[in-house]
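Undergrad: Here is how the chains run, residue by residue.
Number of protein chains: 2
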Amino acid sequence: MYHSHETLRDFTRTFFTRIGCSESDASVIADIFITAELRGIGSHGLIRISDHHNLWKAGRLNTAPKITVTRETLSTAVVDGDNAPGMLPAVFSMETAIGKAREAGTGWVACRNSNHFGIAGYYAMMALSHDMIGVCLTNANPLVAPTFSVSRLLGTNPIAVAVPGGKEPPFVADFATTPIARGKLEVAVKKREKTLYGYVQDREGRPTDDPDILRKGGTMLPLGGDREHGSHKGYCLSATVDILSALLSGAGFGPFVPPSVAYLPLPEEGNGKGTGHFFGAMRIDAFREAGEFRDAMDKWIMSFRNAESAEGKPAVLIPGDIEREYEEQARRRGIALIPAVTEELNRIAADLGMEIRL
Amino acid sequence: MYHSHETLRDFTRTFFTRIGCSESDASVIADIFITAELRGIGSHGLIRISDHHNLWKAGRLNTAPKITVTRETLSTAVVDGDNAPGMLPAVFSMETAIGKAREAGTGWVACRNSNHFGIAGYYAMMALSHDMIGVCLTNANPLVAPTFSVSRLLGTNPIAVAVPGGKEPPFVADFATTPIARGKLEVAVKKREKTLYGYVQDREGRPTDDPDILRKGGTMLPLGGDREHGSHKGYCLSATVDILSALLSGAGFGPFVPPSVAYLPLPEEGNGKGTGHFFGAMRIDAFREAGEFRDAMDKWIMSFRNAESAEGKPAVLIPGDIEREYEEQARRRGIALIPAVTEELNRIAADLGMEIRL
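Chains A and B, in that order, are what the protein sequence lines are.
Here this note's numbering runs 136 ahead of the position in the first sequence, where the first position is 1.
Here this note's numbering runs 136 ahead of the position in the second sequence, where the first position is 1.
Since the hints were made in silico from the structure, they are not lab data.
Please note: incorrect hints may appear among the correct ones.
Any copy, or any two copies together, can satisfy a pair, since identical chains are not distinguished.
To be verified - Straight-line Cα separation of at most 25 angstroms, DSS-like style, residue types lysine-lysine; simulated pairs:
1) 352 with 327
2) 409 with 303
3) 449 with 435
4) 435 with 409
5) 352 with 193
6) 449 with 352
7) 303 with 320
8) 320 with 330
9) 193 with 449
10) 326 with 435
11) 193 with 303
12) 330 with 435
13) 193 with 409
14) 330 with 352
Please model the complete structure; the sequences and the hints are all you need to start from.
TA: Below is the structure:
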């Protein structure tokens, strides 16, 4: 069953007002949830409302936050998210980065005391309409072991970069620093399928194709998979995301990132506050006339579109193509939620006395 | 046979003065070559002197350059390298980034009209003594095909990040955005060994373990190897490096990066000038008291050092460990060059009337 994105937006907005957000904060949050659904990243969409509900019921989410800049220079700022739903400090931080870039050419903001913020690409894309390149990084719950280890020290720590095009649509890369997102393992578990080798390892560090291994003490592998195929590079990337997100801001690093679900305990104190993010905005014309850059970017994109395909493979994709094509369809056709998610959302709506149902 | 690093430094410095560099420029360049040798990255060391010799003889390298800032804001600059050996514009650009960071919190410099600059990590590490985080990216000769393609559109485009520690040594990541560096394929060819699957593909895009496949129209694969294991993420990373290095500066992008060897023709004109780099410097105390950051970084490093190893694997490494340990040995023991390289260098020395021999 398909729902119009406007219905889902209303639902999300209403939910967040019911748990204490202001109307405007709830609208901001809903836009990020719906953008995730529209871009085909349902794993970061309405399926996560129940996590927010549970965190709020457990008193672990501040829905009336005071988000503040605690330190700044001409091109930098540190933001304290006051334990808000992550979307609010994230939008605040990216707006701050964009404002800094307007004055100083670039703006870089580290954010602490935040929570799960949805899709990183949303914040990177905020830069596009300002003729800026946007960057967004975040750390996340520890599930990934560094090369040679079986300890959960890193999250899937994504990197998002958005670059304006000219006649061509923008380049929007948004990817976890692991071979796959965690959600794909869940899907395989639900379908009772094996997964591929190279994604996870068991408690002892042996390769496995069991998608349910995380519940048995296993860990995810960094991008590259094993040492021979460059997992140390995936580890370097994930570590860099953690350092910029948590150590510059004073957030919890690696194993001390608070879980985005209420059924896992909070990490021990004294290792930083909350989840950490890192945002960047670079004004194109700080480097080059924006029109000239856009023309060059179109040329770049066309070089890749015109590349020769490997035997039996489709045409080369530009980062962002898949999500844009999905969105065009989803706006017309609507968005399908998993039936179990719809039921859960309707239960939450009843629980909170919301009138809207899906 | 081992050579002291001081002998190799003298040799390199003398060579570069003989092809027209000033004494001070030659010293700067020699420091980068010797740092590569000391850190165990011989593929970027004296083996490359002959490429520089050949490029210079072909009139493709300007050894008396005027390196200039062509555009700037408070936190950014664009540098034109005047077709110099890449080390000179790279040092100039990173110094510019550090200077900007001193004033504005961060500094970001895009450089065009440059050439191969040796190891990216050198420039990132320049930030460390200033209590800054250093970043360095560069594009490189096209050898890598984007996911689904067999066209050479990207280089091995490395990423280097250096972060100061406290009592612990700095975190220094410096890695190609491919599973392995090209040099490892050459080694396998010379040893008449097969390589592993996941590094290269043949002309049609089929997996192969032939390390000599690049000479037969094959291509290297991005980090991740194949689509199922995240090669599209390696492609995103490499593309981002190319865009920041070339499109912000006006350098040649992707297929239009000039080769670092004289036996390959220059790319067609009109697609940007020379090789492109991108440099960043972030003042730690723009975000957080430097002492507090260093303590947190030590804690971060110790969390990783204390991680549990997988069955049969060594302890977790911090990026930079291997190179630092190699350097401690190499300073005592000296540096071994491949005999064929020593012979070639001695021939070049004779050719240029240098007195020094290895």
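Undergrad: The structure should be examined with respect to each hint, and the outcome stated for every one.
TA: Verification of the supplied hints:
no., hint, result
1, 352 with 327, "within (18 angstroms within a copy, 42 angstroms between copies)"
2, 409 with 303, "between (43 angstroms within a copy, 23 angstroms between copies)"
3, 449 with 435, "within (23 angstroms within a copy, 46 angstroms between copies)"
4, 435 with 409, "between (44 angstroms within a copy, 15 angstroms between copies)"
5, 352 with 193, "neither (28 angstroms within a copy, 63 angstroms between copies)"
6, 449 with 352, "between (36 angstroms within a copy, 20 angstroms between copies)"
7, 303 with 320, "neither (34 angstroms within a copy, 40 angstroms between copies)"
8, 320 with 330, "within (11 angstroms within a copy, 33 angstroms between copies)"
9, 193 with 449, "neither (48 angstroms within a copy, 43 angstroms between copies)"
10, 326 with 435, "neither (43 angstroms within a copy, 38 angstroms between copies)"
11, 193 with 303, "neither (47 angstroms within a copy, 42 angstroms between copies)"
12, 330 with 435, "neither (42 angstroms within a copy, 38 angstroms between copies)"
13, 193 with 409, "within (20 angstroms within a copy, 58 angstroms between copies)"
14, 330 with 352, "within (15 angstroms within a copy, 37 angstroms between copies)"
Of the numbered hints listed earlier, those contradicted by the structure are 5, 7, 9, 10, 11, 12.
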